[in-house]
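Each residue of the sequence shown is one higher than the one before, starting from 55 at the first, in my numbering.
A couple of the hints might just be wrong.
For each label pair, taking beta carbons as the anchor points, the in silico distance ranges come out as [what the hints assert, rightly or not]:
id	residue 1	residue 2	range
1	Lys-87	Asp-59	38 to 46 Å
2	Asp-60	Phe-163	23 to 31 Å
3	Asp-100	Ala-137	33 to 41 Å
These are computed hints drawn from the structure, not numbers from a lab. Where is the CB? At the ideal position from N, CA and C, for every residue including glycine.
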Amino acid sequence: NNVADDGIAILLFVLLCFTALIGIVLSVYAVYKICVANAETIKLVDKCTVNSAVSCIILHGITCLLDPIGYALWVKGDERGAAITWIVWDVFWTASRLNLYFVYIYRCFA
55 NNVADDGIAI LLFVLLCFTA LIGIVLSVYA VYKICVANAE TIKLVDKCTV
105 NSAVSCIILH GITCLLDPIG YALWVKGDER GAAITWIVWD VFWTASRLNL
155 YFVYIYRCFA
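Turn these sequences into a full structure, and let the hints guide you.
This is the structure in structure tokens:
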């Protein structure tokens, strides 16, 4: 039974790493498209909106990175490390959502 539990834990960790990789790659790609590939077009958009969107994408990428780290710490039995990781994750997730809402609100009233 313990071997089965270890297998499930490893499978979940691999899935978290895979989704984290996808999230980070998409975040880097989105920032590249905004800041490099479409830099000339983006100059026509309000700078505050662009900066908020980019920071939201970066914050989301960080939360993607923290998911497997927190899970790995929890599986290893490091409750304190996992709790700290989840608190940091919560802070970055909240900041990214507030940033996203700011973009929406700012665009509505700008």
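Problem set entry | Hint numbers not upheld by this structure, sorted from lowest to highest | As far as the earlier hints go, only 2 is violated by this structure.
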